[in-house]
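Student: Protein chains in written order, with our numbering: chain A, 2 to 135; chain B, 35 to 549.
There's no promise every hint is true.
Stated by the list, open to error - Below, a sample of chain A positions facing chain B; criterion: calculated Cβ distance under 10 angstroms:
{"id": "1", "residue": "I82"}
{"id": "2", "residue": "R83"}
{"id": "3", "residue": "N106"}
Unchecked claim - To give an idea of the interface, some chain B residues facing chain A are shown, with a C-beta separation under 10 angstroms as derived from the structure:
{"id": "4", "residue": "P170"}
{"id": "5", "residue": "Y172"}
{"id": "6", "residue": "M190"}
{"id": "7", "residue": "E341"}
{"id": "8", "residue": "F344"}
{"id": "9", "residue": "V399"}
{"id": "10", "residue": "A401"}
{"id": "11", "residue": "R418"}
{"id": "12", "residue": "L519"}
{"id": "13", "residue": "L520"}
{"id": "14", "residue": "E526"}
{"id": "15", "residue": "N528"}
{"id": "16", "residue": "R538"}
{"id": "17", "residue": "R542"}
Everything labelled a hint here was simulated from the structure, so no lab data went into it. Because the structure is a prediction, the values reported are computed rather than measured. Heads up, the beta-carbon is just placed ideally off N, CA and C, and yes, glycines get one too.
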Amino acid sequence: MNRILISVLATSLSVTILAGTAIAHHSFSAEFDIDRPVELTGRVIEMKWSNPHAWIYIEVEDETGNVVNWALETRGANGLIRSGWRKEDLPTGTILKIEGWQARNGSPTANISTVTFDDGRRLFAGPNPRARQR
Amino acid sequence: MRFYSVIALAFVVGSASAQTLPRTPEGRPNLQGIWQVANRASYNLEDHVARNAMPAGRSIVEGGTIPYQPWAASERQVNFENRSTADPLNNCFLPGTPRVMYMDWPFHIFQTDEHVAITFEWQQVHRLIYTNGQPPLYGGIESWMGNSRGRWEGDMLVVEITDHNDQTWFDAAGNFHSSALRVTERYHMRDGDTIDYEATIEDPNVFTRPWTIRMAFYRQAGMDRILEYQCQAEKEEANGAFERDVRNWYPAAVPVDNEPFDADAGVELPLPEASEDIPRLRDGTPDISGYFMADAGGANYGLEEHERDFLLPASRGQVIDPPEGRLPYQTWARSELNDRLRPHRGYDDPTAHCFVGGVPRSHYVPAPFYILQPPGYVVVLHERMSWRQISLDGRPPLPDQLRLWMGDSIGRWEGDTLVVESKNFNGKAWLNEAGDVVSHMQTVVETFTPVSPTQIVYRATVADPIPYTRPWTIEMPFNRAEDELLEVACLEDNGDLQILKDVRDEYRSSLNPEE
Numbered sequence: 002m003n004r005i006l007i008s009v010l011a012t013s014l015s016v017t018i019l020a021g022t023a024i025a026h027h028s029f030s031a032e033f034d035i036d037r038p039v040e041l042t043g044r045v046i047e048m049k050w051s052n053p054h055a056w057i058y059i060e061v062e063d064e065t066g067n068v069v070n071w072a073l074e075t076r077g078a079n080g081l082i083r084s085g086w087r088k089e090d091l092p093t094g095t096i097l098k099i100e101g102w103q104a105r106n107g108s109p110t111a112n113i114s115t116v117t118f119d120d121g122r123r124l125f126a127g128p129n130p131r132a133r134q135r
Numbered sequence: 035m036r037f038y039s040v041i042a043l044a045f046v047v048g049s050a051s052a053q054t055l056p057r058t059p060e061g062r063p064n065l066q067g068i069w070q071v072a073n074r075a076s077y078n079l080e081d082h083v084a085r086n087a088m089p090a091g092r093s094i095v096e097g098g099t100i101p102y103q104p105w106a107a108s109e110r111q112v113n114f115e116n117r118s119t120a121d122p123l124n125n126c127f128l129p130g131t132p133r134v135m136y137m138d139w140p141f142h143i144f145q146t147d148e149h150v151a152i153t154f155e156w157q158q159v160h161r162l163i164y165t166n167g168q169p170p171l172y173g174g175i176e177s178w179m180g181n182s183r184g185r186w187e188g189d190m191l192v193v194e195i196t197d198h199n200d201q202t203w204f205d206a207a208g209n210f211h212s213s214a215l216r217v218t219e220r221y222h223m224r225d226g227d228t229i230d231y232e233a234t235i236e237d238p239n240v241f242t243r244p245w246t247i248r249m250a251f252y253r254q255a256g257m258d259r260i261l262e263y264q265c266q267a268e269k270e271e272a273n274g275a276f277e278r279d280v281r282n283w284y285p286a287a288v289p290v291d292n293e294p295f296d297a298d299a300g301v302e303l304p305l306p307e308a309s310e311d312i313p314r315l316r317d318g319t320p321d322i323s324g325y326f327m328a329d330a331g332g333a334n335y336g337l338e339e340h341e342r343d344f345l346l347p348a349s350r351g352q353v354i355d356p357p358e359g360r361l362p363y364q365t366w367a368r369s370e371l372n373d374r375l376r377p378h379r380g381y382d383d384p385t386a387h388c389f390v391g392g393v394p395r396s397h398y399v400p401a402p403f404y405i406l407q408p409p410g411y412v413v414v415l416h417e418r419m420s421w422r423q424i425s426l427d428g429r430p431p432l433p434d435q436l437r438l439w440m441g442d443s444i445g446r447w448e449g450d451t452l453v454v455e456s457k458n459f460n461g462k463a464w465l466n467e468a469g470d471v472v473s474h475m476q477t478v479v480e481t482f483t484p485v486s487p488t489q490i491v492y493r494a495t496v497a498d499p500i501p502y503t504r505p506w507t508i509e510m511p512f513n514r515a516e517d518e519l520l521e522v523a524c525l526e527d528n529g530d531l532q533i534l535k536d537v538r539d540e541y542r543s544s545l546n547p548e549e
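Next comes chain A alone, as it looks inside the complex (with noise of 0.2 angstroms):
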């Protein structure tokens, strides 16, 4: 298993905003911090399809080995299922890259700006290019 890292950005972060991070019922700036950007990249737990935000949970190893389960929010589902994507575009296990901002009271909890797949495929920006197929 490749060595799955955290890393808490001392500086700001230089990242495209998904334009569903506007899909929002609440304040994103009150929630989470300007001062706390994250890099994280782990394993997907489980996705939880809700609105008016749908919720990624990974699992992300440290630098001393210790497990953290990180809640990752993003756009709502509907959006997310009127762009395309369905539960099983993003399978249990599956590794994922996040850039994000962290919760203003420090728990593991993000909001995401970008997630892409260890690929470097973008997940959730704009249409899902497979929902034709389907």
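The hints should help you fit chain B onto chain A, whose structure is shown.
Tutor: Here is chain B on its own, set in the frame of chain A:
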């Protein structure tokens, strides 16, 4: 001989009621109106004795009992014993179908030749039942209320409900199902004031065979509109989790040091020109029904133009009056807006608690809505589970003391523009995540002008003498699409609220370090 007389009498009575049923222009029984059950089914579908907060009642299940598989009968017993905490309704979750039909709250059926819509007083739940044969766009997507497709079989409305999740119960006694649930409802008007309703439940994972419940819905003739019961909001106000804002909530008064409110200060805004090639209803009224999404340009993040600020998205600015695009705030209310932008105030936004958005916000939150035009109404079903019933019959407004999150809306057509006047707000809503301020004194005049077959230009003029010095107006297009509503069951996973509460509590502790 007597037997044949009874048959003959039944036939005559049956024919008479069939002839006198209220009917739509298409000749179908007209179910439109306000209805409610008069039974104890919501406590327990089966025969049951009285218990604390549960009146006794008779079974409405055909044959008396629900045919559970043995393991499921045990599971139901566990549910029953834990019902005071385990009933999904205790968390204000969506009740599912058919439970919502026999809860002890009124509901309003609206009927067009393509849909039957049902709006419920409880938590502003709604159902949209397609009766036009349109196949589901999102088959297989599970939801709390399921996917309802209907058809008319003679005078009987038959509705098939599929794609339920496994989270809802049939009653408060723990009767339950799996996600394999399939419900077939039958609505048959016995007479103008009674609907005979039955629902056949199939779930091979839980039951040994299909089973049926039967009951009547009675017309609530004394009721001209259903009101609101916002379960979660009432709960959080009662337990203190959502705090009263004495400056804005009913019955707050205009602050004594406010600048005078100039009700006539608005600029003249000619209405947008309605298109001539818009679809029309049979009576010539513009047909504005269908699925719409606002091109809101960030209105949900602030009505004044601003750049993106970290995770608060930009807004292009929707204010067209005052012409410079700034909201005419009283000084204290501008300070309040600036305060609401601070992280510890994120918790105070009602929609962060999954409460409804109010008016006009519900139209420009990032979620679609469906407009229906049954006789006498324009009905709006919001995907974020709330509804507006805009009456067109010139009825008197509600008395002043009846206050609602969504207000009381009365509409009329002026040419091809729908004009809606709303008041009786409770003052609890925010206008967006930025915290643009509104109070219970707001009146909203909205115009819906169809400028093309696929676009409505929407305006809302808000007059509110508590936070503002004069009325103001916003404008944005609503775009029609060939799409269907899904369901936002906001409370199903609102983990954000705890984080927002932690941020608020930490801020409060920092102000009072000794506590």
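Student: Hint R542 of chain B vs chain A: min CB-CB distance below 10 angstroms?
Tutor: violated (14 angstroms)
Student: Is the shortest C-beta separation between V399 of chain B and chain A less than 10 angstroms?
Tutor: holds (7 angstroms)
Student: Restraint: A401 of chain B near chain A, CB-CB cut 10 angstroms. Satisfied or not?
Tutor: holds (8 angstroms)
Student: Going by Cβ atoms only, is E526 of chain B closer than 10 angstroms to chain A?
Tutor: holds (5 angstroms)
Student: Does the CB of Y172 of chain B sit less than 10 angstroms away from some CB of chain A?
Tutor: holds (6 angstroms)
Student: Identify whether the interface hint at L520 of chain B stands, where standing means a beta carbon of chain A within less than 10 angstroms of its own.
Tutor: Holds - the Cβ of L520 of chain B comes within 10 angstroms of chain A, reaching about 4 angstroms at its closest.
Student: Holds or violated: N106 of chain A as interface residue toward chain B, Cβ cutoff 10 angstroms?
Tutor: holds (4 angstroms)
Student: Under 10 angstroms, Cβ to Cβ, is where P170 of chain B needs to be relative to chain A, so tell me if that hint holds or is violated.
Tutor: violated (12 angstroms)
Student: Minimum Cβ distance from R538 of chain B to chain A below 10 angstroms?
Tutor: holds (9 angstroms)
Student: Going by Cβ atoms only, is I82 of chain A closer than 10 angstroms to chain B?
Tutor: holds (6 angstroms)
Student: Would you check whether E341 of chain B satisfies its interface hint, that is, whether its CB is within less than 10 angstroms of any CB in chain A?
Tutor: violated (13 angstroms)
Student: Does R418 of chain B hold up as a contact with chain A if the rule is Cβ-Cβ below 10 angstroms?
Tutor: holds (7 angstroms)
In this structure, the earlier hints numbered 4, 6, 7, 17 are contradicted, and the remaining ones agree with it.
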